[in-house]
Amino acid sequence: MTALVQVQDLKKTYETGSVRFEALRGVSLDIAQGDFVAIMGESGSGKSTLLHIVGGLDTPTTGSVMVGAQRIDSMSETELAVFRRAEIGFVFQFFNLVENLSVRANVELPALLEQGKKKEARQRSGELLERLGIANQADKHPWELSGGQQQRVAIARAFINNPTLLLADEPTGNLDSTSGDEVLSILRDFNAQGQTILMVTHAASAAALAKYVLFIRDGLLVDQMPGGDEKTIAQRLLDLR
Amino acid sequence: MRAIWQKIIADLLRRRAISFLIICTIITAAALLTLALSTLMNLGGPYDKLSSELNSAHLWLHFTPERISSTDISRIESLPEVVSSTGRQYSYNTLVRTGGERLGVSLRVLNGEQPEVHRLMLADGRYLASDAEEVLIEQYPAGFYQVSVGDTVIITDADGKEVELPVVGVVFDPMYDTYRNSQPPYLFISEETLRRLFPDKDTWNWSLGLRLADPESVDEVVAEIKSMRSLEFVESHTDWHDAKESALFRVQLTFIFLSAFSLFAILATVLIVISVVSSTVLSQIRQIGVLKAIGFTGRQISFLYVGQYTILSLVGTGLGFAIGLALAPLPLGAVTTSLGTNFRPPFSFTLMALVFSIIPGITMLAAGIAARRGAKANIIKAIAVGAEAPIRKTFWGARLAEWLGAPMSLVLGLNDAFVRPLRSLLTGLNLTLGVMGIVFGLALSSTLQTYRENPALLGVAYDATVIRQESTDARAQRILDQAPGVDAFYGEMQLQVQTRNGQTFQLRAVEGDLAAFPFHMAEGRFFQPDTNEAIIGRGLLDWLGLQLGDSLTLTLEGDDRHEVSWTIVGVYPEPADAGQRIMVNLSSASGLDRHAVPDVYYLKLSPGVDTVKLRAYLEPNQESDLSLILVDEAIPSSVIYLQLAVFMLGGILIGIAVVNVFITSLLATQEKLRVVGILKTVGMVPVQVVTMINTAAGVLGLLSVLVGVPVGLALTGGMLTALSNAYGFGQVSVSFDPWAVTLLLPLILAISLVGSYIPARWAAKLPIVRVLREE
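In order, the protein sequence lines correspond to chains C and X.
In this text, residue positions in the first sequence follow the numbering used here: the first is 47, and each later residue adds one.
In this text, residue positions in the second sequence follow the numbering used here: the first is 5, and each later residue adds one.
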C-alpha cells in the first residue's frame, strides 16, 4: 500500500549568527492512510519541527516530503498555503483561535479563505459543532469558553475542509485531564472513521491511543513501538533519556 | 535610575527605524509650528522693520499755511515728547497727466537724497538728482496707476505751461495713508523744481513730521499742539497707526489666508504629535508588561517612556525649529513683496520658548498618559496579548461584509481596523488631518478662483471708474451716456462724516443706474432708491456696534450743524478701509452737503468692449479732464504664492499621514503576529495577508475622507469668515468642487495602502513557525 506521507532523509538546520543548530539530522518515515501516529521525545528533540515540515509550516534544509501525490518541500509560499488549507488540519496546544471572531467564524475560517464555499462551510461547521457538542456555543467568542471547549473549536476548524492529514501538536498540553481525555477521545473517533493523524505529545497516556509511537532524540528517529500500553511507552521514553 | 537611562538608550537604538520616523514627524511638526507662529507674530513685521530703518515720523501735522508761523513750528519741535523732526516740509496739490490718465496729486518737496528723519525707501530707479527737474512716485499709486521708472508726468505750471518731468524712481513712504481717508498720490520733487513750477510760496502747504519718544502718545501730542493756540492751525494730521493699517490693508486678503494657514498649521501640529506619540507608546504594551513583571513601578515606566520621547522630541524640535526659522520669510513673502521690501522674521526667544514648550510639552504629555494607561494593564494579559486588550467582539461592519459575501481577507481586515479603537482613532485622526489639509488647500484655491472670477463678491461690482476734474457732473454724465461700450454707470461722491461719538469715516453717496450693477450683499438687502436707507461694510458695522435695522445719525466731519439719519438695511463687502465705509442714496446725503454731486463714476462695460476706443472717446485730448481707470485684478497675484504654501502644507500633512500609517501598521502587525501566524497556518495565502492589513488601513483612510472633507470645509469656512470679519471684510463664501472628493478618495486610499504595504509584505513573508514558537 502506498504511504500517505513519505518523508525521506529530512534535515533541518537553524542558523542564528554563528550559532548552528541541527533540529533534524536525517529523518525518514512513511505514514499510511488511516494511521494514527504519535511522536514522542524530549523538548528540543525535533518532534515539533518534524510536524511543522510535514504540515508545510516550515521547509526542510534537505530531504523530501510527499503528502499524497504532492511534494511539498519545493512548494512556493502561496502553494504551501493552499496545500495547508486543503490537505492539512492543525490542532495546537494553545488552541490558536482568533479571539475576536465567533466560534462559528473561527471554524469556518479555512473554508472561507477560498471564495464561493460559504454555504458549504456553514453546513459543515454546523455538523462539526454538533458532533463535538458545542453547537450551542457557536455565536460565542473563544474567550467565553473553557479550555476544553476551545480545543474542540480548534478541532472543528481543523476538520472543516476534510483534510487528508490531521497534525496535532500537544493537543492536551494545556488541558485538565478530563478535558484532555475528551479531546483524545474525539481524535480517536475521527481516526476510527479513517482520518490519518500525526500527533506530537509528551504524555504517554495520549500516545497510547495511537496505532504506533515514534521516538525521536537529537533530530533522529531512534525507536518505534505499537501504541496501546501506556506504561510500556512511558518506560521506553525514560529509557531513551 | 541608571537602569532606566540604559533602557531608554537601548530602546532608542534598537528601534532605530521607528525612532528615526518619529524624529522626522517631530521635525516636520516643529518646523510647521515655528513657521506658523513666526508668521502670526510678524504679520506687521515688514512694515515695522521698514519704518524703523527709515526713521519714520510717528506723526505728520498738515497746517493751514496762513495760520502757522515759524515760531509755532519751533514751539512744536521743542515739546518734550518730540525726539526729532523733519523740519518744515512743503507740498502743493495739483493735477498731472501720466499714461493717458489725469490725476490729482500732492507734489512733495524732497531735499537731499536721504533726510535724517522720515527717509523714503527706494523700490525702483534712483533718488532725485539735486535740482534736476524730475520726479519720484510713491509705490502704491505707482502700482495703482501703472506708472514706472522711465514714464513721464506732465504738470501744468502756474503760468499754464505744460512741463514734462521724467519719473526716475519709485519710493515707499511709510506714512502714505489711505486708511479711512482719500489721500492724493504722492509725487516727490526738489524744492527748486517746485519753486520753478509754482513760484508763489504762499500757495504751498506746510507740514511737519515728528518722531516721538513714545510712539503710542500720538493723540496726547496732537491734543497738546491743538491747545497751543486758540486759532486752529492744524488742518489734519496723520497717525503712524493709520498709515500702518493703510499699508497692511493693501495686503488684507493675504493676511486673511496667511492667518488661516498659520492657525491650521498649529492645530495640525498639535494633533500630529499627540497621535503619533500616543499610538507608538500604546503599541509597546507587551514590553510594559515585561518591565512590570521584572519589578518596574508605574512611575518608572512612565519615566522610561516620557524620557525616550522627550529625547526624540528635543532632537526633532531643535532641528525643526532651525528649519522653520530658515523658511520663515517664505509665508510673509506676499506681504514683503507687496511692501517692496525684504524681511526676515528675527530670531525671537519668545518664539523659541513657545516652540520648545509646545512640542516637547505635548510629546511628554502624550507619552506620559499613554504609558500610565499601559502601566495599568494586567501583567499576564499584557505579556500574552501584547497590546492593549483589543475589542474581542466581531465588528458589526465585518459581520455585514461577511454576510454580503466579501472575501474573508477583507472581512478580517475590516474587523482589525477597529480592534483597538484608541489607536485606530489616533491613526484615523492623522489621516483626517491630511485630508483636511488638502480640503483646506482645495477650498482656498476654489474660493480664490470664485472671487477672482466674480469681483462683485469683493465689493468690486464695476468694470471701470471715471474721475472728473473740472467738468460739471451733468457734462460728465452726458458724455458717459453716449460713451461706446458703457452699458450702465452710477456716480459717487465721498463725504468724510462722523458719528455723534466722533468716529470718522467715509460715506459713499451714490446715484444712477444702480440696479444694473451686481452688488453682492453679505446680509440683508440693497437700499431702496430715494430713501434714507443705507448699506454698510462689515468693518464699520462691527466698529460702531450696529446691527441690521439700526439707525445711524451722521454729520459732516467738523461740521455738526446738519444731521441725517439712515436705517441700515444691508451689509456689503466694502473693499476699502477695512470695511469701515457706508453707502447711501446721494439724494439722502444732500441733507449733509447741499452741493454734493458725483465726482467719480463707476461703469459697467459691454462684454468684449474696445477699451482703447472708450479711452479715446472719454479722453480725446490732453485738455480732457475725464480719466478712465480700468479695474485691475481684484485679487493680487501674490496670493497665488499663498495657495502654493497651503498646498505645500497639505502635502506635508499627507507625508506625515503616510509615515503615521506606516508606523501604526508596522506596530499593529507586530502585535498581531500570532493571529497572522494562525491565519497563515490555516491556509491564508500571502496576497490575502497583504489584503487584510491593507484593508485595515484603507478603512481608516476611507473614514478619514468621510470625516475630513466636511470638517475641513467647516474649518476652512469658519476660519476664513472669522478672520475676514476680524479684518472688516465680512462673510467669505467658501466654495469647493464636489468632484474633488472623488479624486481625494483614491488618493487617501492610495496613501493608506502605501503606508501599510511594507508592514503587510513583511507579515506575509513572516515564517509561521517562528511566530508560533515565540508564543
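Hints are computed from structural coordinates only; laboratory data are not their basis.
Keep in mind the model is a prediction, meaning the values are calculated, not measured.
Where is the CB? At the ideal position from N, CA and C, for every residue including glycine.
Please note that a few of the clues may not be correct.
Computed list of lysine-lysine pairs in DSSO-like fashion (alpha-carbon distance at most 30 Å, straight line) [what the hints assert, rightly or not]: (1) K769/X - K57/C; (2) K163/C - K397/X; (3) K11/X - K380/X.
Derived DEER-like restraints, expressed as beta-carbon distance ranges [said to hold, decoys possible]: (4) G179/C - R765/X: 52 to 58 Å; (5) Q161/C - R765/X: 18 to 24 Å; (6) G162/C - I383/X: 41 to 47 Å; (7) S231/C - G302/X: 35 to 41 Å; (8) P771/X - G90/C: 15 to 21 Å; (9) A330/X - T124/C: 47 to 53 Å; (10) Q161/C - P771/X: 25 to 31 Å.
For each hint, the structure was consulted:
{"no.": "1", "hint": "K769/X - K57/C", "result": "22 Å, holds"}
{"no.": "2", "hint": "K163/C - K397/X", "result": "24 Å, holds"}
{"no.": "3", "hint": "K11/X - K380/X", "result": "20 Å, holds"}
{"no.": "4", "hint": "G179/C - R765/X: 52 to 58 Å", "result": "42 Å, violated"}
{"no.": "5", "hint": "Q161/C - R765/X: 18 to 24 Å", "result": "22 Å, holds"}
{"no.": "6", "hint": "G162/C - I383/X: 41 to 47 Å", "result": "45 Å, holds"}
{"no.": "7", "hint": "S231/C - G302/X: 35 to 41 Å", "result": "47 Å, violated"}
{"no.": "8", "hint": "P771/X - G90/C: 15 to 21 Å", "result": "18 Å, holds"}
{"no.": "9", "hint": "A330/X - T124/C: 47 to 53 Å", "result": "50 Å, holds"}
{"no.": "10", "hint": "Q161/C - P771/X: 25 to 31 Å", "result": "27 Å, holds"}
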